[in-house]
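Protein chains in written order, with this note's numbering: chain A, 190 to 433; chain B, 1155 to 1509.
Hints are computed from structural coordinates only; laboratory data are not their basis. Don't take every hint at face value.
Said to hold, decoys possible - Selected chain B positions facing chain A (in silico; Cβ < 8 Å):
| id | residue |
| --- | --- |
| 1 | Arg1207 |
| 2 | Arg1290 |
| 3 | Tyr1318 |
| 4 | Leu1367 |
| 5 | Gly1373 |
| 6 | Gln1376 |
| 7 | Asn1377 |
| 8 | Ala1382 |
| 9 | Arg1387 |
| 10 | Ile1499 |
What the hints assert, rightly or not - Listed below are the simulated DSS-like cross-link pairs for lysine-lysine, each with C-alpha atoms no more than 30 Å apart in a straight line:
| id | chain 1 | residue 1 | chain 2 | residue 2 |
| --- | --- | --- | --- | --- |
| 11 | A | Lys353 | B | Lys1291 |
| 12 | A | Lys351 | B | Lys1291 |
| 13 | A | Lys351 | A | Lys380 |
All C-beta atoms in this analysis are idealised placements derived from N, C-alpha and C, irrespective of residue type, glycine included.
Residue-level listing of the chains:
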Amino acid sequence: MALLEIRGLCKNFRSLRALEGVDVDVEAGRFHGLIGPNGSGKSTLLKAIAGAHFADSGSIVFDGRDITRATPYERARAGLSLKFQITAVLPELSVYDNVLLAMQSAESLPRLLRSSSRRAFDGEVVALLERFRLLDRADHLAGELSHGQQQWLEIAMALALKPKLLLLDEPTGGMSPEERQVTGRLLEPIKAHCALIIVEHDLHFIRDICDYLTVLDQGKVLDQGDVETIQRSPKVQQVFTTRV
Amino acid sequence: MLSEAGSDLAMGSQSAKRRDATGPSRPFRRVLPYVEIGALVVALVLPFALGDRTDLVTLATNILILSMLAISFDLCWGLAGIMSFGQALFFGVAGYAIALVGRDLDFSDLWATLPLAMLVGFCLAALFAAFLLMGRKTPSIIFVAFGTLTGSYAAERLVSGWQYVGAGNGLSSVKLLKLGAYEFVEGDAFYFLALGLLLLVYLGARYFKQSQLGLVLAGMRQNEERLAFFGYRVQLFKAVLFSFAGMVAGLGGALYSYHQGFIGPGNMGPGLSTTAVVYCLLGGSGTLIGPIFGTAIVEGLSYALSDIAAIQHIWPVVLGFVLLVVVMFQPRGIVGLLVSDRERIGSYGRRRSDG
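Construct the entire structure; sequences and hints are all you get.
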């Protein structure tokens, strides 16, 4: 059984059909890329999985549990974590506090009130910051980081939730080529404990990092398969050569 | 509780030192603890400095009591981002509750009546929170503001026409607050009782703000939706803070009722609710000490201006103008002049650069 099973997912925005009968399976430990031309429904699908909006019909089953109508809070508790397309770090908190805030999210209210885990989490927060090259910036306000660093901080926060499935919406958006390379290297080690769905325009990045691809076009699944299969797919080649 | 709050403070100063060592982009010095200690010292010596000016001791006691209402609003707005225009509702209902217990049951013992008032404030606020905050979707600020304002207005109208609670005249000759055989009348004893209770409320609210829960609240104020995606039940946190704020307002209402010997419909209406907003915004929301300064300034000015014959009739207009100028040109309030944004928002973690 796949970690995430999406069946017949539809989503309309007034007269616009953003998703039409989408079926996708994501296996545990797999890096799964969502690609497609602009407006093909990639971000809509990602948001429907994360709970930013509800699908009109179809079902989403995550880890054996139907989450189609679950709130973002319930999905996050079930092990889904989303990095937004537009960075949504908390700009007036320090970099350290941003990560701590994400990490302590599973704590109960009385424990938060007693500050019982502040010291216990310190090592983990520092380790994450170190891994994402942000340790020397720990005490800076998140809003003062460069765009690329904010993207890394977002990924670090998403990982701090210890998710089973991480959803990344354009993680390398606005990054320099060097920063993209580093991002790829930073993501590699998480494969051991977490699956990944990634929406990205940079096809080289997607090809380097993903095991499996789903190609969307006009709200429908055009093709799915491993990277080599998709690269050879005539349907995909046609869409990408004519419309991208 | 106090020792943990103290250790938080110590931790804060350590992390400030580290910040200096690692070269932060915008270093900040903690000034709030000094402001707090200064305010406490002034409050402790004030009755002795005032000597036999009993009218001023009464005014100062009133300020301490109304400060609880101001802190109650700061917990809602400054900490949890809930724009409540109905804090006086919890204040007034609790005031009525203890006045009725005194009148009908002939009972006014401190150990039972003050917890009762807190319970009334807490339960009523929790009820409002259940309706206004705990929906499946995040309610807008306007919805909550109107909901609380309507509650406050409706309660004032209801009480104004209800004979059992004195209708428009309110309840006067409220029984004196007792501790054993001792009765608290206006004066130094009541002042120090109010000061002691305000100090407890303040330390409790400060503990909230500096705990890991305070970090959640700081995040919530910046981006509520983001916190829901972390897995936080944002509405539950808001409801808890709102109920706690209701409890604080309830305590203030009971003390007000005992101190004034009177409670009326105006003590639970939109007028006083809005005044609480003014106390907080003028002093500096989110700082906890700011609302106390705001209360002292508004009430002090009101007292002083109403005594000057030339402006006796227009003093509310003068006061209103002063407040407008402050809110327009110093939106972070008086305390915002001393305290940096970073200190106001708070810093929760520390980096072990030496570890």
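Going down the list of hints, with the structure as the test:
A cut of 8 Å between beta carbons decides the hint on Arg1207 of chain B: the least distance to chain A is about 42 Å, and the hint is violated. The beta carbon of Arg1290 of chain B is positioned within 8 Å of a beta carbon in chain A (closest approach about 7 Å), and the interface hint is therefore held. The interface hint given for Tyr1318 of chain B is broken, as the beta carbon of that residue sits about 39 Å from the closest beta carbon of chain A, more than 8 Å. Because the beta carbon of Leu1367 of chain B sits about 4 Å from the nearest beta carbon in chain A, less than 8 Å, this interface hint is met.
The beta carbon of Gly1373 of chain B comes within 5 Å of a beta carbon in chain A, closer than 8 Å, and the hint placing it at the interface holds. Look at Gln1376 of chain B: its Cβ gets to within about 5 Å of chain A, closer than 8 Å, so that hint holds up. Because the smallest distance between the Cβ of Asn1377 of chain B and any Cβ of chain A comes to about 6 Å, under 8 Å, the interface hint for this residue holds. With a least beta-carbon distance of about 4 Å to chain A, the hint placing Ala1382 of chain B at the interface is held under the 8 Å criterion.
A least Cβ separation of about 5 Å between Arg1387 of chain B and chain A falls short of the 8 Å threshold, and the interface hint therefore holds. Taking 8 Å as the C-beta cut-off, the interface hint given for Ile1499 of chain B holds, the closest approach to chain A being about 5 Å. Our distance criterion of 30 Å between C-alpha atoms is met by Lys353 of chain A and Lys1291 of chain B, whose separation comes to about 26 Å. At roughly 26 Å between alpha-carbon atoms, Lys351 of chain A and Lys1291 of chain B fall within 30 Å of each other, so this suggested pair holds.
Proposed proximity of Lys351 of chain A and Lys380 of chain A is supported: the alpha carbons are some 12 Å apart, at most 30 Å.
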